[in-house]
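Please arrange chain B on chain A, whose structure you already have, making use of the hints.
For the record, the sequence lines run as chains A and B. Residues 968 to 1589 in our numbering are what the first sequence lists, from first letter to last. Residues 968 to 1589 in our numbering are what the second sequence lists, from first letter to last.
Because the hints were derived from the structure by calculation, they are not lab data. Treat the hints with care, as some may be off.
Just so you have them, the derived chain A footprint on chain B, three or more residues with Cβ under 8 Å [claimed, not checked]:
1) 1371-1385
2) 1550-1556
3) 1563-1570
Quick caveat, the model's predicted, so the values are computed rather than measured. Note that beta-carbon positions come from the ideal geometry of N, C-alpha and C, so glycine has one too.
2 protein chains.
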Amino acid sequence: MYLRSWLSRLCRGLSSPVGRTTPPGWGSLSRNVVLSSHRRIPELSSFVVRTNTCGELCSSHLGQEVTLCGWIQYRRQNIFLVLRDFHGLVQVVIPQDESSASVKKILCEAPLESVVKVSGIVISRPPGQENPKTEALRLQYRYLDLRSFQMQYNLRLRSEMVMKIREYLCNLHGFVDVETPTLFKRTPGGAKEFLVPSREPGKFYSLPQSPQQFKQLLMVGGLDRYFQVARCYRDEGSRPDRQPEFTQIDIEMSFVDQTGIQSLIEGLLQYSWPKDKEPIMIPFPSMTFAEALTTYGTDKPDTRFGMKIVDISDVFRKTEIRFLQDALSKPQGTVKAICVHEGAKYLKRKDIESIRQFATDHFNQEVLPIFLKANRNWNSTVAKFIMEEQRLELARLMETQEEDVVLLTAGEHKKACSLLGKLRLECANLLEMRGVVLRDPKLFSFLWVVNFPLFLPKEENPTELESAHHPFTAPHPSDIHLLYTEPKKVRSQHYDLVLNGSEIGGGSIRIHDAELQRYILATLLKEDVKLLSHLLQALDYGAPPHGGIALGLDRLMCLVAGAPSIRDVIAFPKSFRGHDLMSNAPDSVPPEELKPYHIQVSWPTDSEAEKSSLNQSHHLEN
Amino acid sequence: MYLRSWLSRLCRGLSSPVGRTTPPGWGSLSRNVVLSSHRRIPELSSFVVRTNTCGELCSSHLGQEVTLCGWIQYRRQNIFLVLRDFHGLVQVVIPQDESSASVKKILCEAPLESVVKVSGIVISRPPGQENPKTEALRLQYRYLDLRSFQMQYNLRLRSEMVMKIREYLCNLHGFVDVETPTLFKRTPGGAKEFLVPSREPGKFYSLPQSPQQFKQLLMVGGLDRYFQVARCYRDEGSRPDRQPEFTQIDIEMSFVDQTGIQSLIEGLLQYSWPKDKEPIMIPFPSMTFAEALTTYGTDKPDTRFGMKIVDISDVFRKTEIRFLQDALSKPQGTVKAICVHEGAKYLKRKDIESIRQFATDHFNQEVLPIFLKANRNWNSTVAKFIMEEQRLELARLMETQEEDVVLLTAGEHKKACSLLGKLRLECANLLEMRGVVLRDPKLFSFLWVVNFPLFLPKEENPTELESAHHPFTAPHPSDIHLLYTEPKKVRSQHYDLVLNGSEIGGGSIRIHDAELQRYILATLLKEDVKLLSHLLQALDYGAPPHGGIALGLDRLMCLVAGAPSIRDVIAFPKSFRGHDLMSNAPDSVPPEELKPYHIQVSWPTDSEAEKSSLNQSHHLEN
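This is chain A alone, in the form it adopts within the complex:
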C-alpha cells in the first residue's frame, strides 16, 4: 500500500542497527557507518523505490521530501507510528485533516509489522518535545529491540565469551573470583566518581572507577591470583559511546612481570575467542609508545592497514620551500608525510580541502598535498620547488607509486605525528566510502603498546607532574635512577592492549615498595597521602611484587560482535546523556526522601540552567 504522510526524525545519534535484518555481507558497511560522523551511504538506496533509509535521516534532511520503505513497528493512539527498516527507526505523523481520512484509516488499522512505503516531508519534532524524544526510540522500547536477531546474538555471544574467560581463569589457572565493594571512598582527584549520600550528615560513598586499590590489597592479603568481572562507574556527563556504568575483566597477580601478564591475556583471548570468528594468532605484536606515536600518530594504532607516517626531514634540509625551512629551523622541527595509495583516484578536491581545513582548525598546521599523476608529473603548488633527487628520495622513503597522494606537513614532532595520525584515519574513511576496503571487518589486529612515560606535565600547570595512568604504576626497572633526577624521562611498566585501533585493555606492574610509593605520591605528585594511608600502610606489611590488567568488556564485545556501538552489546544501555529512556532514570525525588541523607537540591539560576541546557544540546551533536 502507498501512503502520503509526514515524517519526523526521532533517532538522531542512534546507533543504527545496520544489517540487522540483512545478510552478514552488510556487516562491513554497518561498521563503517560509525567510523566517521561525516559519512553517508548513498549505495543503500540505489536501484530501489525508496530515496533514503530510516536510519540515515538527520537534521540535514529537514524540509526534503523523502520516500521510505519498512515495517510498522509501533503505533501510539492514532497520532503517530514508528517505521522500521534494517537501518533504523523513524516516527511517522498520521495526518489528522479531513482530506486524509482514508490514509488515516489505513494507517490506524494496518496490523503492526505491516510493510509500507511512506512519502513525506522531513520535519523536526514539535517544539518542547525534542529533549526526551530526540534520543533513540530503540532504547525506549528496549524490550522489543532485544527480540531482534542481532541483540539476541550479541547478548548470548557476550555471555558465552565471559563464561569461557572464567573457565580459563578459574579452572585452568587457579584465579580466585573475588567481589570488591562498589560503595567506596572518593579517591584523590576522583572527579569522575559518582557520589552516594550516606545517612551520616556530609558523608558520602563514591562509586569507584575500578577496583584498583582493592585488588592490590588482595595481593597484600595473599590471594595470589584475583579476577573479577567488575562493574565500574565513571561520570563523564554526556559522551558518545560511553556509559556511566561499564564492565571490566579485572585481573591481578602476585610474583608476576609484564610478559607474564601479557601471556596470560593472549592465552585468555585465544581460549575464549568465539568459534564463528577468524581464530586469533598469538603472541600479539608489541610496540613502544614512542614508536606508535612516530609511525601512527597515536597510542592506539589501527594496524589493519599501513599508510604509516614517514619522517622526511632529511629530504628537505636544503629546501627552498619556506614553511618547511621555518619548521626545520626550530628545535624538534620535522617534516613528515603519509602516502595515500591510489589517493589520486579516490580523493576529491573537496576531500583535500576539508582535510586542510581540519589541519588548520584543530592543529593550526599546514598540510601540503602532492598528487602523483599517471603521467609521472607531480601536481602540487610547490612541485616546482622540489628537485629531482628530492623526488627520488621521497619516492624511495615513502614507496610512492603513480596515482598516490602524499600528504605532507611540517612542525614539532609530536604535533605533526598527531595530525597525520588523524588524517590517516580520515583518509581511510574516505577511501572506504568510495568502496576501497582498507580495514577488513573480519580481521582482528591486536597490538601491545608498552613503555609509556610514567608522568606527564599537568595540563593546567606544565611545571608539575601527573601520572600518565595512575600513581600505583611501577617505573621501568632501567629508569628508576631517573626518578630522583629527571622524573619526566622515566618510562613506566604500563601496557595497553589495542584491537583494530581501539584500546581494549590496560594494566601495569604496581609499586609494592611503600617508600617508593610514598616518594612518588608525596614528593613527585604532591598528592595528599593521608587519603591513601590505608594502601601505604598495607604495603608496609609485606606486599608481594604484583601487577595486573583490566579489559574493557563492553568495547571488546562490541569489536568482536562487529556492532556499531557498545550499546548493542549491553542489554539496557543508557543514552548519550546517561538516561534510561525506558524507565526515565534519573528521575526527581521528593524532598522528604532526601532528608535521611542530609542533602537538598541547590537549584541553578536561570542563566546557569540555560548554560547547562546548551551544553546538553551540544552533547547531542556528538
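Then chain B, alone, in the frame of chain A:
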C-alpha cells in the same frame, strides 16, 4: 613472658573469628556464639591460666581484672598493641609511667607474633575515640585478616562454588548471563534505595535492591533464560549481619512453573555443593506457610531439630485454669506448647525466668512451665489444676518423657505460635550452651516454604493492603477468583528456600498479564502506576509466562562455610554502621565537588545530631 598492663576493648560487635586457628572440632562452638546475643562460652577458659578470651570481652567486663593469652598482632608507635587469640582481638594500652619502664621496654621490643600473657583492668576507649574504634579492628586491617587460613578458605570456596553454579546454568542449561544496570530509577516505595545524584538538577539515580524489573523485561525481550550474579543495594542504616551491598544469584525463566524453578535450584545446589561437605539430598521437602507458622512459629523453620509447637486447646476445653479459660473463650484463642526434652536436666530456674520475662516483654504473653520430674510428679504452679486424663492426653499429644519441660502458653493463634517459635530457638541455645548438640553444624537441612499470602494488611493502616513480597508476584491459580472478592485470602505463587532456619532464597511466578498487573497495582495496592508504566507497557507487548528466584549468595556461603558472620565470606565487608574501616568510607566531600550534582549538605541541628548519635550507639549494641 608475663606482663602487667591495661586493656581496652576494641572489638565490640566483632564477628569473632572463633576456631580460626583451632581444629575444625571448634566449628560447632564457633557457630553457637552468634546464634544468641546473650551467650557466653565459659568452657573456653576452663583449665587454663587465662580468665577470658580476647573475643568475648564486652562492656559487661568494664572494670574487671582479666588475664588473656595470645599473639602480638600489631603495635602502633609505642602506645598500644593488639593482642590476638582464636576468638578475637583486644587492644592493650602500653603503660607510659616510669614504674612500668621495663614492661614498656619488653612490649615495645617484642617481635610481632610473640606469644604473651597479659593481665589488666578492662577499660573502654578514651573518650572521643569510641566511634571509629569500637568497630572491629579486623576490618581496619582487613588485608592482614585475609591472610588467615579461614578467610583464604572462605573466599576460595565462594569462588569455586559460584563457578560451579555458572557451569550448571550456562553450560548445562543454556542460561544467558546478562548484566543489568545498577544506576536505575527509584521504585515505588523504594525507601531503602541509595540515591545517586546526577548532573541534572534535582534528578537522581537509585541503586536497585534487585534486578527484578530488568529480569522480567528480559523475558519480554525473549531472552528465555536469564541469570546474573547480581550486586544489589539496600540502605537499612545499621543492622547486624546486613551489608549495604550484597550479592544474589538472580534467575528468571520463561514458560516455567513453580516446580520447574524448584527442580532447577535443587539441581544447582547439588551440582555446586562443595566436595568437602556432606552431600545434600534432593528434592528438598516442602511446607506451606501456614504449616510452618503453626508448627515452628516462623516462616523459616530450622528443621534440624524437633521441639515442634503442639496445639493442646482441646485438652483444656473444660479447664479451671483461669488464663487458659480466658484465652479459649476468645475468637482465634488457643492453648499451645513445646516440649523441651530433658529440659528438667538442663534448664535452670533463671533460664525459665528469662524466658517468661521475654514472653511478657515482647509478646505480652504468659508462659507456663511444667517440669516432668523423674518421680512422675509434675512440678508446676498449676499442676494441681491439671486432671489425670488431661495429663495423659498431654503426654500423648506431646510425646513427653520424664525429665522433659513443657512450655505452655495461651492466646491468639499467630501470636502464640510466634512466641513459642522464639522460645524453641532460645531453648535450643540454652541446651547447646550446656553441651547438648541439637543442631549438627555438619547438617544442611533445606526446606521450601510455599503458599504465602499474596497480600498483607498495611501495618500503618490495616484496612489497606500491601504486597507480602512484591507486586509482580502471581496469585495462586486456584485463588484468582478471590482477587475480586476477598483479596486477603489469596495465596501467592511465591516460594522461599530455607536452610537451617535462615532464608537463603525467594522467588515467584510473575504476573504476565498486563490487565491483572494493572488491577493489582492500581485497584488493590493503590500504587501510582505511572512509575511502572514501562513495565506495564512491556507486558502489553506479548510477555511469556515467566518466573524466577534469587539466592542470597553471602548468606548461603556463610552457612556453607560455617562462618559466624557473612562478613567472613566477603573480602571487604562494611561494619554494622556501613563503614569501610580500612579506607574510612563514607567520607566528607568538599562543597565544590557537590556543585556539579546540584546538591548541598543540610547539616542537622544539635538536637537532631544528638538523636542520631544516640541511634548509632544503640545500633552498636546489636
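Hint-by-hint comparison with the structure:
{"no.": "1", "hint": "1371-1385", "in the structure": "violated (count 0)"}
{"no.": "2", "hint": "1550-1556", "in the structure": "holds (count 7)"}
{"no.": "3", "hint": "1563-1570", "in the structure": "holds (count 7)"}
Consistency note: the structure conflicts with earlier hint 1 alone.
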